[in-house]
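Asks: Take the given structure of chain A and dock chain B to it, following the hints.
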Amino acid sequence: MTPESAKLLATALAIGLGVIGPGIGIGIVAGKAVEALGRNPEAEATIRATMILGIAFTEGLAIFALVIALLIRFT
Amino acid sequence: MTPEHKPAGPHISIHADTITSFMGFHVTNALLLSIIVFVVFLIVAIKYKQESTKPNKSNFFYFITFVLRAIYTLFRSVLGEKTNYFFPLAGSFFFFILLQNEFGLLPGVGSVLIKVQEGHQEALVPLLRGNTTDLNTTLALALISVTFSQYVGIKHLGFIGYLKKFINLKSPMAFFTGIMETISEFSKVISFSFRLFGNIFAGEVILTIMAFLIPVLVSFPFLLFEVFIGIIQALVFAMLSTVFFSLAMEKAH
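So the sequences go chain by chain: A and B. For the first sequence, the tail end lands on 75 under UniProt numbering, and the numbers increase by one without skipping. For the second sequence, the tail end lands on 253 under UniProt numbering, and the numbers increase by one without skipping.
Next up, chain A with everything else stripped away, as it sits in the complex (with noise of 0.2 angstroms):
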């Protein structure tokens, strides 16, 4: 195997396995949003503004995975 090749095995495992547990985590965060919609829908501002901030915090773990992989891609 090439340097080359594993550099661009690398970057593709990083950001692969990287967004698995994110894409769980945003799953379960929008779920659980929603079923709190459907048991009391008046709340809905509050509702989205905090899902959207859970969504928000979870996603930074992909945006780690994903530097990860600009960085073994490009440097």
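Think of the hints as simulated: they come from the structure by calculation, not from any bench. Certain hints may be false.
[Claimed, not checked] Covered by chain A, according to a simulated footprint, are these stretches of chain B (three or more residues, beta-carbon under 8 angstroms):
| no. | stretch |
| --- | --- |
| 1 | 19 to 32 |
| 2 | 195 to 205 |
| 3 | 232 to 245 |
[As the list claims (entries may be wrong)] FRET-style restraints, in silico, Cβ to Cβ:
| no. | chain 1 | residue 1 | chain 2 | residue 2 | range |
| --- | --- | --- | --- | --- | --- |
| 4 | B | GLU250 | A | PHE74 | 39 to 45 angstroms |
| 5 | B | VAL189 | A | ALA10 | 25 to 31 angstroms |
| 6 | A | LYS32 | B | HIS120 | 54 to 60 angstroms |
| 7 | A | GLY23 | B | GLU118 | 34 to 40 angstroms |
| 8 | A | VAL34 | B | ALA174 | 46 to 52 angstroms |
| 9 | A | GLY38 | B | GLN50 | 43 to 49 angstroms |
| 10 | B | LEU42 | A | LYS32 | 38 to 44 angstroms |
| 11 | A | PHE74 | B | LYS251 | 42 to 48 angstroms |
| 12 | B | THR53 | A | LYS32 | 45 to 51 angstroms |
| 13 | B | ASN59 | A | ALA10 | 51 to 57 angstroms |
| 14 | A | ILE68 | B | VAL40 | 33 to 39 angstroms |
| 15 | A | GLY38 | B | HIS26 | 50 to 56 angstroms |
| 16 | B | LEU247 | A | ALA45 | 19 to 25 angstroms |
On a predicted model such as this, the values are computed, not experimentally measured, just so you know. Beta carbons: idealized from backbone N, C-alpha and C, even for Gly.
Replies: Only chain B this time, still in chain A's reference frame:
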């Protein structure tokens, strides 16, 4: 990567390219688009200010007011009675990032190329580039936001009161939490800047790759999705900032 190994693919560069140097100061393509956005932002703001004193207001005024009010009520649900104090900064964050994101998606941005001297050889680089796809911009925004949250914390709790959040000798557990708080203060800068940069840059890369693989029509739904992502990321940045401001005002526990 050496030129002879370069694969035949779309042009993707993680950093903004320098177009020209002005007195030792590198003018990058991201800066160029940023100046355009800044001028547009200024014109809209001045026009809005002028309209607000006229007796007969135009549709433009009502549209901006409608958008501002929607954002204001959203921040109100997070900040409560502190909204008026924080809205100028958080609202500016929102509109600045929103405009930067959406201007990066306009046709011509990234596709109009220009020849520049790179060392001894000529290279083709895009004339314009979305400003939030440059890490320098997002880092600056993150530093502004985190520094202001420190300022707010010191102003509301006093210097000693704010320091108690980070150095707490009441119990070993509290000491450990203080260390964690200190680390999280620094990691906020990283996560803020890379969240915005990563999302917008990944969007640009997806659009470029899609247009490269299938040139006709396929990139259109992705373009719509990127417009949506631009709005959401501007909202997330502003909302997270306000949440951290209001967290900084809370007493140590």
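Asks: State for each hint whether it applies.
Replies: Against the structure, the hints:
For the stretch 19 to 32 of chain B, the stated coverage by chain A is not satisfied: 0 residues place a CB nearer than 8 angstroms to a CB of that chain, which falls below the threshold of 3. For the stretch 195 to 205 of chain B, the assignment as covered by chain A holds, since 5 residues bring a beta-carbon within under 8 angstroms of that chain's beta-carbons and 3 suffice. Residues of the stretch 232 to 245 of chain B lying with their CB closer than 8 angstroms to a CB of chain A number 6, which satisfies the three-residue condition for coverage. Take B:GLU250 and A:PHE74: their Cβ atoms lie about 40 angstroms apart, and the range 39 to 45 angstroms holds.
Separated by about 26 angstroms at the C-beta atoms, B:VAL189 and A:ALA10 satisfy the suggested range of 25 to 31 angstroms. Checked against the given bound of 54 to 60 angstroms, the beta carbons of A:LYS32 and B:HIS120, roughly 58 angstroms apart, stay inside it. Between A:GLY23 and B:GLU118, the C-beta spacing of about 39 angstroms keeps the proposed range 34 to 40 angstroms intact. Checked against the given bound of 46 to 52 angstroms, the beta carbons of A:VAL34 and B:ALA174, roughly 38 angstroms apart, lie outside it.
At about 47 angstroms, the beta-carbon gap between A:GLY38 and B:GLN50 stays in the expected band of 43 to 49 angstroms. Range check, B:LEU42 to A:LYS32: about 42 angstroms between beta-carbon atoms, so the 38 to 44 angstroms window is met. Checked against the hint of 42 to 48 angstroms, the pair A:PHE74 and B:LYS251 passes, with Cβ atoms roughly 44 angstroms apart. For B:THR53 paired with A:LYS32, a C-beta distance near 47 angstroms keeps the hint of 45 to 51 angstroms intact.
The hinted range of 51 to 57 angstroms is satisfied by B:ASN59 and A:ALA10, whose Cβ atoms lie roughly 54 angstroms apart. For A:ILE68 and B:VAL40, the hinted distance range of 33 to 39 angstroms is satisfied, since their beta carbons lie about 35 angstroms from each other. Under the hint 50 to 56 angstroms, the C-beta atoms of A:GLY38 and B:HIS26, about 54 angstroms apart, fit the expected range. Remark: the range hint 19 to 25 angstroms for B:LEU247 to A:ALA45 is upheld by a beta-carbon distance near 20 angstroms.
Violated hints, in rising order: 1, 8; the structure is consistent with all others.
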